[in-house]
Amino acid sequence: MSSNSDPIVLKLTKKYLSVNKNLEGILKLLKDLDSSGHWVFLQTHGMWTHGMWSCKIGEDLSLEIDSKGERRLHLISNDYQLVKALESVPLFHFMVDRLAVRKSKAGGISPWGIHIRMKRDELAALPNQGIEVSPLTFFAATSGFHRLARSFRVQAVQSALSKKISRALFGNDASASSCRTFHELYGICDKDEILGAFTALASGNARTSRMPLDAVKAELTTARERERVTNACIYQRLLEFIVQKKMLDVNVSTSGSRIQLSSDKDNEDDGKLNDMLKVISQDVLGRLVAYKRVSEELRKQLDGEVSMLVSFSEQMGPCDLYLLASLVKGIEISTTYVLATPLSYPLAALSSLYAALELEKMLGSIRFVLASEDVAVSKALARFIAEKKGEKLIYLASGPTPQVLALCIELKQLMEDKVVLIPLAPPPAGGRE
Amino acid sequence: MVYANPLIAEIDLLLILEGGYICIELKKKSSEAPQDSLKYFVNGLAQQPIFYTSKDYEKKFDGDVSPPFLMPQKELLDELEMENLRSHMKLVTEGREKMFSLDNFLRLLLVYGSPNVCESILDSKFFQKLSDEFQLVRIRRSQIKKAKSLASEDDAPPSSRSALENAVACSERIVAVVGMLENEFLRQKVAGAIGKYAKSSTKEVVLLCTERSKDDAEKVKKRLDSCVQTKTEIVKGAGDKNIETIWVDRIFELCEGACTILCIGEIPKGVVVGIAERLNSKEPKPKLAVVTWKPQLNLNKLIERLKEGDVETEKMELHVVEL
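If you're matching them up, the sequences are chains F and U in order. Numbered per our numbering, the first sequence spans residues 1256 to 1688. Numbered per our numbering, the second sequence spans residues 228 to 550.
Watch out, some of these pointers could steer you wrong.
Claimed, not checked - Straight-line C-alpha distance at most 27 Å; calculated DSSO-like pairs for lysine-lysine:
1) U:Lys463 with F:Lys1547
2) F:Lys1673 with U:Lys514
3) F:Lys1673 with U:Lys509
4) F:Lys1501 with F:Lys1527
5) F:Lys1555 with U:Lys509
Claimed, not checked - Pulled a few chain F residues facing chain U out of the computed Cβ check, cut under 10 Å:
6) Pro1597
7) Tyr1600
8) Leu1625
9) Asp1629
10) Ser1653
11) Leu1662
12) Glu1665
13) Leu1669
14) Ile1677
15) Pro1681
16) Pro1682
Said to hold, decoys possible - Distance windows between CB atoms, simulated:
17) F:Lys1527 with U:Glu321: 51 to 61 Å
18) U:Arg439 with F:Glu1551: 38 to 48 Å
19) F:Gly1511 with U:Glu321: 48 to 58 Å
In short, the hints are calculated from the structure, not lab data. Glycine residues also receive a C-beta, built at the ideal position from the N, C-alpha and C atoms.
Model the full structure from these sequences, guided by the hints.
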């Protein structure tokens, strides 16, 4: 019987994919996702799975997160490659406090090279119960302090809430309403994915205050670090709530130009939960209101067959493509180009795979394009896309400013009125920035 | 991961001897490697991909996975024919300045990418087109193919099509659109980049900001005041009019004569799109530029310092790049 203080245990779903095949090939491989048993493990650059094709490691991983946000990764494996791969990812060590490895057989020998890190009592301790989550949420839970990891956690929450967000923005008859969400591809129910994603988010962001100042400076980010540190306390309280209750029931609604999280269970908790969710709403869902604007812009000027080019910023994930699919009702899209940079590459690739499997009816054939932020490359890319054919192109502008600016200018020059430029960013509210 | 084929070390060294670019950063303290590695992977801003090497690299383990290893610097230097590399490296470093983030990614592929991923990316039509166009991409493509034991191909002759060259700035006014720049180091670098870009013909720099970015713009102005006349202007919302539209209107009002519109930091995409929509209809057409990171590697200094046993790292600088 579990007590209130027991940690939450996240287990990686057994249905996993592999990213170590070619990007075009993956899209084909994914067609038989349900039976393939392949594995997608997002790593910062998404490439470490070499040699692990079809390894059934998803069955062997689980992550304990306690109310303080401490993490312990359990591994039941004698797969030396997996252990080394996990250990050799520098980012991994920023987020997982301990790695516990259990021997594969009673009296067996622990995998080579890892015994130094292990404590004897960790050999036997292994959580039996846990909730299954998608690779995105599991990855988000093990990610570190850096800004990309923070994005992964936010995207895990957005992805878990995809259907609820789509309903709040576009109503029940949105064109993607009959499609499976990202986690549903893996047979994971909303309840588990939401709990897992919020656990990952709260535990990760609560640790932000521990981030070394030098590392913050080194990020050179333009985001407001002070807000992150202030919000860390709220995330800590949310984590304690989640670990104690072992559940989180959230609703998504729109209020003016905002998307709002709330809980029906709030009365049982003296109104504190909704206060927390109010702050968190803006933090994790604020950007998504941009899709309302995209929807309005698309209605204005489109007829006939069109292609779509979406620059994927590092804050985007599977939920973005689900929302896009939800709003394109009545528009015939032949091809959707998902444009990634070296930074947004892992999630853009994963989102493309998801879209290719589930959203092609709305988004047309999915083409994944890996480019860069460099102006010269963006111009070459614009020429590559513009020479394709005579149909109209919708460019949803998001991501790094140099890339967006170069693409906008070049596409406009090459395609003139045949390109429609739409900013994929929330409109400023009430005349304010 | 780490891409863990032990053969990769030998292949990379071979590449160096053949004139390939050095993809190794030698750490004084191996314990510092994860932090730098974090920076590299996350931001693409650190110096070089870190390559763990040690004397045990020939030892092979089950499943073709080797532990990270650290190559003693002396040993590496003895094998290098640094002078012979000079001309080749110059070509590579110049290309790298133009497409820094792409080159970072390609170098990352070189060190960490699994053969399947490398092959699929490099053989995609878009990358083939890029290699037709840019010599650096061609060089990297060839290096990666060799390193991953994929079908190797010779470097094609240099493309006749030259990549973007920075035009000489002769704008009388620079209208800089300033997003939030909370980091002092970043503000300092931004001011430095504008200072370098502004030539004697530049009479004025206008930093166009909003209420949220005004403090940051003021701090940039303070740094710029000594080298060029600078003023800040805050764009405010008015009535029902969208602030993005007001912002774009003001940018083009300020563009008179020879002018450059300079985008700094992450500015709202509505403003970016607005600039693109209206640029062609403005006479005379303003120049358009962005501020971006570029590596600054002094080859002679690098070689000298390596010979002396010191560690040279790639310095990053912000530069104004015209579109």
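>> Less than 10 Å between beta-carbons is the criterion; does Glu1665 (chain F) satisfy it with respect to chain U?
In response: holds (8 Å)
>> Would the hint linking Lys1673 (chain F) and Lys509 (chain U) be met if the CA-CA limit is 27 Å?
In response: holds (20 Å)
> Is the Cα-Cα distance between Lys463 (chain U) and Lys1547 (chain F) 27 Å or less?
Replying inline: Holds - the C-alpha atoms of Lys1547 (chain F) and Lys463 (chain U) are around 24 Å apart, at most 27 Å.
> With a cut-off of 10 Å, does the beta carbon of Tyr1600 (chain F) approach a beta carbon of chain U closely enough for the hint to hold?
Replying inline: The hint holds - Tyr1600 (chain F) has a Cβ within 10 Å of chain U, the shortest such distance being about 8 Å.
>> Given Pro1681 (chain F) as an interface hint, is its Cβ closer than 10 Å to any Cβ of chain U?
In response: Status holds, d = 9 Å.
> Does the interface hint hold: is Pro1597 (chain F) within less than 10 Å of chain U, judged Cβ to Cβ?
Replying inline: At about 4 Å, which falls below the 10 Å cut-off, the nearest Cβ of chain U leaves the hint on Pro1597 (chain F) intact, so it holds.
> Quick one: are Gly1511 (chain F) and Glu321 (chain U) within 48 to 58 Å, going by C-beta?
Replying inline: holds (52 Å)
> Is the distance from the Cβ of Arg439 (chain U) to the Cβ of Glu1551 (chain F) consistent with 38 to 48 Å?
Replying inline: violated (25 Å)
> Quick one, is the Asp1629 (chain F) hint okay against chain U at 10 Å, beta carbons?
Replying inline: holds (4 Å)
>> Does Leu1625 (chain F) hold up as a contact with chain U if the rule is Cβ-Cβ below 10 Å?
In response: Where the cut-off is 10 Å and the nearest Cβ of chain U is about 6 Å from Leu1625 (chain F), the hint holds.
> Holds or violated: are the alpha carbons of Lys1501 (chain F) and Lys1527 (chain F) at most 27 Å from each other?
Replying inline: Cα-Cα ~17 Å, so holds.
>> Checking hints one by one. Is Ser1653 (chain F) an interface residue toward chain U, by the C-beta closer than 10 Å rule?
In response: Holds, about 6 Å.
Checked against the numbered hints above, the structure violates hints 13, 18; every other hint is satisfied.
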